[in-house]
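Student: So the chains spell out like this:
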Amino acid sequence: MTETRLRIGFIPLCDAAALLVAVDKGFAAAEGLDIELIREVSWSNVRDKLNIGLFDAAHLLAPVAIASSLGLGHIKVPIVAPFGLGVNGNAITVSPGLWAELAKAADGSILDPMVTARALATIVATRKRRGEEPLTFGMTFPFSTHNYQLRFWMAAAGVDADDVRLVVLPPPYMVESLTSRQVDAFCVGAPWNSVAVDLGVGRILHFSSEILAHAAEKVLALRARWAEENPDTVVKLVRALDRSAAFIEDPANRGEVAALLAAPHRVGVAAEVIERTLEGRLKIAPDGSVRADARYLLIGHNGAARPDPVQAAWLYAQMVRWGQAPLSEELVSAAKGVFRPDLFDAALQSNGPNATALADGIGAFAGPAFNAEDITGHLNFWAMKQR
Amino acid sequence: MDASLNIVIVDENPVRAAILEEGLREAGYVNVVRIEGTAKLLARIYAIDPDVILIDLENPSRDVLEQMFQVSRIVKRPVAMFVDQADSASIQASVDAGVSAYIVDGLKKERIKSILDLCISRFNAFSRLQSELEQTKSALEERKVIDRAKGILMKAKNLSEEQAYALLRKTAMNENRKIAEVAQSVVTAAELFK
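From first to last, the protein sequence lines stand for chains G and U.
Residue numbers are given in the working numbering: position 340 of the first sequence equals residue 340, and the series is strictly consecutive.
Residue numbers are given in the working numbering: position 61 of the second sequence equals residue 61, and the series is strictly consecutive.
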């Protein structure tokens with residue numbers, strides 16, 4: 001069998017697991033793919049190197065794949081995603097000081113995102129009245145689920161994104177920025193929330209899965225033209241990733257997967273932290289209390305691998321909601337067209353979606369069910385709430 | 001050329017940043033500021049209000065700069081990437097060289113073409129310099145190992161320096177290895193027999 005050589009970029013995060021394990025456990029080689037993995041330091045680098053052809057494929061933020069296809073914030077390069085690398089997996093971590101304020105202002109259980117959002121609204125209003133500095137929240141990229149999850153959560157209780165500061169921080173700098181009080185909170189993926197908790201500088205307030213039950217986080221991104229020109233390679237890639245995801249989701253392999261990902265040239269953090277992440281059992285406070293959620297990070301299972309255009313529509317709706325994109329029917333379909341369940345189905349001879357057990361495919365903690373055919377309705381509902 | 005353009009360099013490597021700054025100054029640009037560290041990066045950049053920002057691709061803070069594309073209260077002037085759709089050649093050249101350029105919206109790209117070219121050539125020169133330095137370093141290391149191996153052979157087999165070197169070279173040729181590798185084996189073996 002002739003080997004196909006591929007260069008694939010990734011960011012060292014737990015949700016790159018399906019890609020990394022596909023290479024390290026030989027699932028890619030079994031498909032005749034000789035993959036060179038390139039560890040990158042910024043999403044901008046991953047996007048640019050994919051766009052100009054230095055990478056054949058990439059582990060990419062789902063919203064960046066859409067933004068790139070629509071020409072938002074950067075040059076327009078149509079991208080397709082035939083495989084979902086990860087769903088959910090982020091968390092909101094707050095400083096001990098802000099946690100105490102939230103606990104004090106909370107009218108109900110602090111586990112309830114609506115209760116914490118309302119508590120945040122109270123704190124933000126008080127600060128504004130007193131003329132104090134607005135709270136600062138760190139997130140990883142303008143076009144990121146982290147950005148949208150934070151905004152969706154706080155806006156549900158009427159906190160305007162302009163009443164707080166939302167700043168982009170590279171994930172490795174998050175913990176340091178929380179320690180030095182440059183930020184009061186952040187939303188980031190694994191393992192950085194756990195690192196902050198272990199160092200005693202932060203408390204996990206919510207898993208992103210408590211805000212949205214199912215949010216496409218990272219995808220395998222390909223240039224649309226490349227995917228068209230290399231259909232056989234796309235099939236092989238999807239098959240290798242699917243076998244890798246199945247291997248990862250078997251609890252019996254968790255130790256081995258964590259050890260592979262812990263290697264310095266892969267994710268490069270303690271295997272034990274990665275294992276907790278894959279299990280969805282995170283230490284949420286310095287006192288050692290633990291919160292578990294089977295939906296914390298989905299790799300492969302619960303329909304996480306099959307790209308869902310409803311997810312793309314939801315992400316596009318957030319781009320419109322927060323002023324990053326204009327609203328048009330054309331752009332809605334272009335956004336949906338980035339997520340390619342047809343390529344997934346063709347590669348795996350699958351017969352369409354296996355149910356995510358969520359009526360609208362999103363499962364937001366607040367607001368009406370999401371209807372991908374009615375983005376205007378979604379935007380109108382939230383515009384009313386914001387007023 | 002537009003000498004008055006405000007140029008910011010964000011590069012964690014102080015040597016490379018200095019080389020780039022020097023190049024820009026030589027080319028006649030007078031307002032060049034180097035920024036180090038990551039604390040309050042955006043605030044510091046906004047305070048300078050640059051026309052052009054140059055950042056190395058090894059810098060995770062590149063994502064922080066992407067925020068400048070966003071419309072928001074804290075952003076005074078939106079920033080756009082220099083390279084547009086038609087410019088895939090220059091984006092390729094700059095990514096290959098390891099640098100990315102951002103300019104404020106509305107600035108004509110002809111005005112900064114020379115800056116980008118200079119940036120690319122300085123970055124390339126820097127990586128050439130770096131690999132030459134690496135080569136010199138490893139050549140020096142090899143020299144040292146060969147000298148030690150020669151000394152060991154001279155003493156153990158009562159050879160002259162020329163004879164010791166000839167023996168190393170002959171063995172290397174026979175085994176199809178580098179002289180430095182054979183020398184390293186001799187040194188390691190001698191350590192074991194100590």
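Simulated from the structure, these hints should not be mistaken for laboratory data.
Incorrect hints may have been included.
Each computed DMTMM-like pair below joins lysine to aspartate or glutamate, with the alpha-carbon atoms no more than 20 Å apart [to be verified]: (1) G:K76 - G:E249; (2) U:K170 - U:E142; (3) U:K40 - G:E249; (4) G:K128 - G:E176; (5) U:K40 - G:E176; (6) G:K104 - G:E132; (7) U:K113 - U:E134; (8) U:K144 - U:D96; (9) U:K157 - U:E141; (10) U:K40 - G:D342; (11) G:K25 - G:E176; (12) G:K49 - U:E181; (13) G:K104 - G:E249; (14) G:K236 - G:E36; (15) G:K236 - G:D342; (16) U:K40 - G:D163; (17) U:K155 - U:D96; (18) G:K49 - U:D96; (19) U:K137 - U:D96; (20) G:K283 - G:E272; (21) U:K40 - G:E133.
In this text the structure is predicted, and so the values were computed from the model without any measurement.
Student: The structure should be examined with respect to each hint, and the outcome stated for every one.
Tutor: Verification of the supplied hints:
1. This hinted pair does not check out: G:K76 and G:E249 have alpha carbons roughly 35 Å apart, beyond 20 Å.
2. In summary, the hint linking U:K170 to U:E142 is supported, as the alpha carbons are separated by about 17 Å, within the 20 Å threshold.
3. Taking the CA atoms of U:K40 and G:E249, the gap is about 40 Å. The hint is violated against a cut of 20 Å.
4. A hinted pair counts as satisfied when its Cα atoms are at most 20 Å apart, and G:K128 with G:E176 does not qualify at roughly 26 Å.
5. With a CA separation close to 12 Å, the supplied pair U:K40 and G:E176 stays within the 20 Å bound.
6. In summary, the hint linking G:K104 to G:E132 is supported, as the alpha carbons are separated by about 19 Å, within the 20 Å threshold.
7. At roughly 32 Å between alpha-carbon atoms, U:K113 and U:E134 are farther apart than 20 Å, so this suggested pair is violated.
8. Between U:K144 and U:D96 the alpha-carbon distance is near 35 Å, which puts this suggested pair outside the 20 Å criterion.
9. For the hint linking U:K157 to U:E141, the alpha-carbon distance of about 24 Å lies beyond 20 Å, and the restraint is violated.
10. Proximity of U:K40 to G:D342 is assessed by CA-CA distance (about 45 Å); at most 20 Å being required, the pair is judged violated.
11. Using a Cα cut-off of 20 Å, the hinted pair G:K25 and G:E176 is violated, with the two alpha carbons roughly 34 Å apart.
12. Only pairs whose Cα atoms come within 20 Å are accepted, and G:K49 paired with U:E181 is rejected, the gap being roughly 38 Å.
13. The straight-line distance between the Cα atoms of G:K104 and G:E249 is roughly 39 Å, outside the 20 Å bound, and the hint therefore fails.
14. Annotation: proposed proximity of G:K236 to G:E36 holds, straight-line Cα distance about 15 Å (limit 20 Å).
15. Only pairs whose Cα atoms come within 20 Å are accepted, and G:K236 paired with G:D342 is accepted, the gap being roughly 15 Å.
16. Between U:K40 and G:D163 the CA atoms are separated by roughly 19 Å; this keeps the pair inside 20 Å, and the hint holds.
17. For the given pair, U:K155 sits about 51 Å from U:D96 by alpha-carbon distance, which is inconsistent with the 20 Å threshold.
18. For the suggested pair G:K49 and U:D96, the alpha carbons sit about 9 Å apart, so the restraint of at most 20 Å is met.
19. Note on U:K137 and U:D96: the hinted pairing is violated, with a Cα-Cα distance of about 25 Å set against a maximum of 20 Å.
20. Only pairs whose Cα atoms come within 20 Å are accepted, and G:K283 paired with G:E272 is accepted, the gap being roughly 12 Å.
21. For the proposed pair U:K40 and G:E133, the alpha carbon gap of about 15 Å is at most 20 Å, so the pair holds.
Hint check: violations occur at hints 1, 3, 4, 7, 8, 9, 10, 11, 12, 13, 17 and 19; the rest are consistent with the structure.
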